[in-house]
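Asker: The chain contents come next:
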Amino acid sequence: MRTIWRLLGFYKKYWKWAMLSLLTMLAVEAFSLATPKVIGGAIGVGVKNHNYILARNLGLLLVGMHIVKAFFIYARTNLVQYTAQRTIFDIRNRLFDHIQRLSFSYHDEAETGQLISRSTADVEALQGFLADAMMWITTNIVVIIGISIACFLLNWKLALASFAPMPILMVVVLIYSRKVGPVLASVQNQFGDMTAKIQQNVMGIRVVKAFAREKFETEKFDREASGLVALNLEAARISALYLPMVDFIAAFGVTFVMGYGGLMVVHKTLSLDEFLQFLMYVGWIVWPIRITGWIANMTKNAVVSADRIFEILDTHAETQVRDGRHEIKNCQGAVAFSNVSFTYADGSRALSGINLRVEPGQMIAVMGPTGSGKSTVINLLPRFYDVTEGAILIDGRDIREYKLESLRRHIGLVSQETFLFGDTAYENIAYGRPGAPLEQVMEAARAANIHEFIIGLPDGYSTKIGERGVNLSGGQKQRIAIARAILMNPPILILDDATSSVDTETESQIQKALNALTESRTTFVIAQRVSTVKRANRIIVLDKGRIVESGTHDDLLAAGGLYSEIFNMQFGAQLTEEPSGTSGV
Amino acid sequence: MAHQAFDDEILGKAFDARLAKKAFVFVKPHMRRVVLALVIMFLTTAANLTAPWLQQMAIDDGIMKGNTGLLVRLSVCYVLVWLFYWLTQYVQSRLVASLAQRVILSIRRTLFLHIQSQSLDFFDNREVGRIISRLTSDVGALNQFLTSASLSLVTDSLMLVGVLVLMIKMDLRLALMTFTAMPLMLIITILFRGRARLAYRDVRRKVATVTASVAENVSGVREVKSFSREEENLKRFEQINLDNRRAVMNAVRVSAVIWPMIEIIKSVAQCTVVTFGGYQVLLGALKVGMVWAFIAYIDRFFTPLQNMSQFYYTMQSAMAGAERIFEILETEPTIQDKPGAVEMPRIRGEVEFRNVTFAYGDTPILKGVSFTARAGDTIALVGPTGAGKTTIISLVARQYDITGGEILIDGVDIRDVTTHSLRSQMGVVLQDSFLFPGTVKDNLRYGRLDATDGEVEAAARSLGVHEFIAGLARSYNTEIQEGASNISTGQKQLLSFVRALLADPKILILDEATSSVDAYTEMVIQEALRKLLAGRTSFVVAHRLSTIAEADKILVIEDGRIAELGTHEELLQMDGLYRKLYDVQFSLLEETGEVVASPDGYS
Chain E
1 MRTIWRLLGF YKKYWKWAML SLLTMLAVEA FSLATPKVIG GAIGVGVKNH NYILARNLGL
61 LLVGMHIVKA FFIYARTNLV QYTAQRTIFD IRNRLFDHIQ RLSFSYHDEA ETGQLISRST
121 ADVEALQGFL ADAMMWITTN IVVIIGISIA CFLLNWKLAL ASFAPMPILM VVVLIYSRKV
181 GPVLASVQNQ FGDMTAKIQQ NVMGIRVVKA FAREKFETEK FDREASGLVA LNLEAARISA
241 LYLPMVDFIA AFGVTFVMGY GGLMVVHKTL SLDEFLQFLM YVGWIVWPIR ITGWIANMTK
301 NAVVSADRIF EILDTHAETQ VRDGRHEIKN CQGAVAFSNV SFTYADGSRA LSGINLRVEP
361 GQMIAVMGPT GSGKSTVINL LPRFYDVTEG AILIDGRDIR EYKLESLRRH IGLVSQETFL
421 FGDTAYENIA YGRPGAPLEQ VMEAARAANI HEFIIGLPDG YSTKIGERGV NLSGGQKQRI
481 AIARAILMNP PILILDDATS SVDTETESQI QKALNALTES RTTFVIAQRV STVKRANRII
541 VLDKGRIVES GTHDDLLAAG GLYSEIFNMQ FGAQLTEEPS GTSGV
Chain X
1 MAHQAFDDEI LGKAFDARLA KKAFVFVKPH MRRVVLALVI MFLTTAANLT APWLQQMAID
61 DGIMKGNTGL LVRLSVCYVL VWLFYWLTQY VQSRLVASLA QRVILSIRRT LFLHIQSQSL
121 DFFDNREVGR IISRLTSDVG ALNQFLTSAS LSLVTDSLML VGVLVLMIKM DLRLALMTFT
181 AMPLMLIITI LFRGRARLAY RDVRRKVATV TASVAENVSG VREVKSFSRE EENLKRFEQI
241 NLDNRRAVMN AVRVSAVIWP MIEIIKSVAQ CTVVTFGGYQ VLLGALKVGM VWAFIAYIDR
301 FFTPLQNMSQ FYYTMQSAMA GAERIFEILE TEPTIQDKPG AVEMPRIRGE VEFRNVTFAY
361 GDTPILKGVS FTARAGDTIA LVGPTGAGKT TIISLVARQY DITGGEILID GVDIRDVTTH
421 SLRSQMGVVL QDSFLFPGTV KDNLRYGRLD ATDGEVEAAA RSLGVHEFIA GLARSYNTEI
481 QEGASNISTG QKQLLSFVRA LLADPKILIL DEATSSVDAY TEMVIQEALR KLLAGRTSFV
541 VAHRLSTIAE ADKILVIEDG RIAELGTHEE LLQMDGLYRK LYDVQFSLLE ETGEVVASPD
601 GYS
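Line by line, the protein sequences are chains E and X.
Note that our numbering has the first sequence beginning at 1, numbered continuously upward.
Note that our numbering has the second sequence beginning at 1, numbered continuously upward.
Treat each hint with caution, since some may be false.
As the list claims (entries may be wrong) - Dumping the calculated BS3-like pairs for lysine-lysine here, alpha-carbon to alpha-carbon at most 25 Å: (1) E/K157 to X/K441; (2) E/K477 to X/K441; (3) X/K492 to X/K441.
What the hints assert, rightly or not - Covered stretches of chain X, as calculated for chain E (at least 3 residues, CB under 8 Å): (4) 215-226; (5) 250-258.
Claimed, not checked - Selected chain X positions facing chain E (Cβ under 8 Å, derived; list incomplete): (6) S93; (7) I188; (8) V281; (9) S424.
Simulated from the structure, these hints should not be mistaken for lab results.
Just so you know, even glycine gets a beta-carbon here, dropped at the ideal spot from N, CA and C.
Hey, can you work out the whole structure from these sequences and the hints?
Answerer: Next up, the structure:
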C-alpha cells in the first residue's frame, strides 16, 4: 500500500489533469447508470404495455445518450493516458538520472541486465497500472456505489438479498490477490535472472565458442527458462481457480433477483420494469468485480515493479547529500592525501594511512602488486568512492567541499577499458565537452594519433562507432579515450596506463599520445611502462594498502626494496633477452 | 555491413500467413491440448449463452404467467449453469496456460540453441541488448499470439456464432437488423486500423530507442561519471523520452476512437430492437422476455467484436516479433558442418595454411597466406594493427570460414570435420578474458566440466597461479561478479590461462594481452604463459618480447600477407620489417637499458 501511495506521489504534479480525468469518468458512468433505467422502462413499460411510441422514444433517448457518452469516453481515455504518460515520463527521467548518479560501488555490485530491465520493463508495467488500472479502480468504485444506490432506491429488500454474495466475493478477491502476489513477484525476478543469463551468454560468446560449450550453456539457459515456466504455471493455476469463482458467486446475486424478484413481480410488489432494471444492475455488478482480479493482478505487478524501481531510487546517489558547495577555480593541480584510509563496504580494508603531497604538474607513478590498493588510490580522487578516514585535498581544500561536477571536470581519467558509446566518433571524443567545435575535436584526435584513422572511416567524424557501428580495436579505443581526455584538458589526470592488445607500432603511437597528454598536468599513473615510471617525478610503491616506498626511480633502485625487486623482475627479464649490440636506433 | 540497421525496424504486417505457418510449427506438437482446449471452450461458451435464455424463460413463462414453481427451478438452474461455467473455465485456463508455457519454452529453447550455433560474425554485427530482446520480449509477443490471443479469438468466434444462431432462431428480422451493425464496425475498424497501426509502429520504435539509451548509459556508467556527463545525458534522454511520450499519445488518440464508436453502434442496435421489438410484441409476434433476451444477446454480440479489434493489435505485434525471431532462426550459421563431416581424430598438432585468403564482407583481410607449423611449435604473429594477425589465429579454430585456399590440421582440411570435434581439441585465450558470473572454480572448469577440485588446483599450481587464487577472498570459491569487476585484469588473464590448460588443448590459440598488469603479475603471467605453451602447437598474437623471442617461428604479417618468416635471430639479421618493429619497441625500452647499465645515466 505504501508503494502505491508513493507511486501516486508522482501523480500529484498532474492533479489538475487527474481531476479532469475523474470528471470525465463520472460523466461516463452517470450515463452508464442511466442506461438500465431507459432500457428497463422501454421494455418493462413501453413494450409490456404495448406503448409503441414510448418504446421508440426511449430507444432514441438511448442512442442520444450514447452519442454524448462516446465523447466522454474518448475524452476520458485521452486524459487518463495523458496523465499516466506524463507520470511515466517523470519516473523514467528520474530513474535514468538516479542510476547514473549511483555510486561506483553500487555499479560494481549491480548486474547490468537487472538495472536495464528495471528501467525498461518495470517502468512499462507501471504504465499499465497508472493508465488502465487507475481508471478502472476509480470507475469501479463509482459503479458499485452507483448501482447500490440505484438498487436500494428501487427496492431495499431485493437489494439486500441480491447484494448478499458481495462480502463473500470481496473475501475471494482478497484471498486471490494474497496468493497470486508473491508468485507474480517471483515471476518477475525469474524473468530478470533469465535475462541476465542470456546477457552473460551473449557477452561471453567467444569463450563459449572457444570451448565448444554450446550445449552446457543451453542447459544453463534451459534451467532458467523452465523455472520461469514453472512459476508462470503456478500463477496461472491460482488465477484459473479464483477468477471464474468470482463469476460463479456473482451469479447468486442474479439468481436472487430472478427468484425473489420474480416472485415479487408475480405478487405485484415490484413492477416489471423495476425487475428488469434490477436484473441489469446486478448482472452488471459482476463486471467491476470480475475485473477486480485483473486489476489486482496489474496492481500487484505494478507494486512489484514499483518496489524494484524504488529500491533503486532509495539507494543513495553518491554524495547526493554530501555534495560540496565550492567550484574549483583556476585549478593549480596541487593534490594532497592526508592520512587517507579506505575500507570497502564489505569491510575489507584497501588503504591505510596514506600521506602524499603532490605539487602542480608533477607526475606520480603508483606501483605495487595486484591488490595493493593502486586502483583505490585513483578511484578516491574523483570521489568514485569517499575516503573512510583522513582527507584528500586539491589546491588545499578537501575535495568533499567541492561540487562533485566541478571536481570531476578537473580530473581526466584514461582507464584500462574504454567504453565507446553507440554514437559518432565526434560525439565519443567530445564526450566530456559536448558541443565542442569540430576543429578542437580534430586537434585532440591528432594529438592522440587517431585522427588519420577517423578520417579514413566512411563518414569521417560522423561515423558511428561502438556496438552498433564500426568496431574499433583495443588500441584505437584507447586513443579515443586519450583524445577525450586531451579535449577535456583537465589540470589533473589519472592514467591507468594500459597498453593491452596493441602492437609495437601502435604502442609507440599511444606512447606519443600519452606524452602529449601528460605534459604540464598533475598526473597519477598506474604505471606499467618503464619509460613512464622513469618520467615520473616520484614513484610510490604500495603494498597491502600502505605506502612502503616513495622516491625517484634512482632512490628506489638504490634502496633495493620492493621496487627494485619488481623492476628487475619485469624489465630485467626483457633486457637480458635482447642481443647485445642492438642498442643503436 | 557494420552500419546495417538491425531488425527492430522490422515492424511486420498485420498478418503474414507465411510467418503464421512457420510459427505454427511450435504449436503443432501440442495439438491434443489445443483440441481439448477447443472442446472446453465450446462448453464454456455454451454455459455463458444459456444465461439470457434462462432469464427469458423466467420472464415469459415464470413471471408473466405467474408460475412460481418454474421461477424457482429456473433460478436453481441458473446457479448450476454458472457452477458448470466455473469448472470449464478452470480447466480451460489451466489448459491454455500449460499450452502457452510449453510453446514459449520450446520457442525460447530453439531460438537460444540457434543463437548458440551462430558463428562469430553474427555477434560481431549485433548489439547484445537486441539479441536479448529477441529472446525475451519478442518471444513473449509471439507466444501471446500463438496461444492466448488465438484461443480467445476462438472463444470470441464461438460466442459470435452462438449469438448469431440464437438470435436468428428467436427472430430473423430482429437478428438481421442487429447484423447491420457488423459492416459498420468493419468500416470503422478499417478506417482507423491503418492509422493506429502506423502510430503503434512509431511507439515501438521510440520505446526501442529509450531502451537502447538506458542500456548504454548503464553499461557506460563509468565514463558517464568520470566525464560528469550526467546533466547532458539526462537532457538527451529527456528528449528521447519525450518523443516516446508523444508517440504513445498519438497512438492513444487514434485508437481511442474505436471503443466509443462501438458504443454508439451498440446503442443503435439496442434502440432498433426496443422499437421494432416493441412493435412485434404489439402484434403478438414476440414476447417481452424475448426482447429482453435480445438486448442481452446484443451485449454478448458486441463484446467479442470489441475483443477482435483488440486482437488485431496483439496479432500485429506478434507478427513483428515473429518476423524478428525468424530473421534469426533463418540466419544460417555461416560456419556449418559439411554433410558427412567426420569427427576430427585426436590432433597431433601439425598445421598448414595453403594460400589462405579471407575477406570480411567486401574487405579483403588475408591475401594468400601459406605456412606450416610442426606439432609442438610456438608460432608468434607480429605486425601492425589491422595486418590480419588476429584473423589468422581465428581461422585456425574455424571461427570464420576462409574465402579461398585450405587450412589443414594433421593433413585434414578443417572444413571436413565437425566444428565441435575440432574446437573441443583446441584452446583459445582471448585478449579480453571473459569470465562468467559464478565461482572461480566453475570458471576454470569451463573447458572440462568433470575436472575434480584436485585437478583444478593442480592445473593452477602447474602454471604458478595457485597462490594468486588462494589469495582471493574465498580462494577457488570466490564469486566472480558480472563483468568480473571484482577481479583485476591480470588475474583474469591468469584464470583464463588455467581455464585453457585444464581443457588440455592440442592446439592453443592465444591473443596476447600485455601491459595492463603490474610488474609482478606480468612476471607470473610470463611464467604461466611459457608453461602453457610448452608441448603444444600454439599460435600467439604476441606483444611480449619474451614470447616472440622464444617462438619457434615468427610470422611477420603486413597487409594480409606474410612479409617475413623465421626465428628471432634470423629475422633480426634480415634487417626488414621485423627489425623495424623491433627497433620501435626497443627504443621505448632503450632508456631502461641504459638505466640498468648505469643507474645514473638519465636525466
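Asker: Look at each hint and say if it fits the structure.
Answerer: Hint by hint, here is what the structure shows:
no.: 1; hint: E/K157 to X/K441; verdict: violated, 74 Å
no.: 2; hint: E/K477 to X/K441; verdict: violated, 32 Å
no.: 3; hint: X/K492 to X/K441; verdict: holds, 13 Å
no.: 4; hint: 215-226; verdict: holds (count 12)
no.: 5; hint: 250-258; verdict: holds (count 4)
no.: 6; hint: S93; verdict: holds, 3 Å
no.: 7; hint: I188; verdict: violated, 12 Å
no.: 8; hint: V281; verdict: holds, 5 Å
no.: 9; hint: S424; verdict: holds, 4 Å
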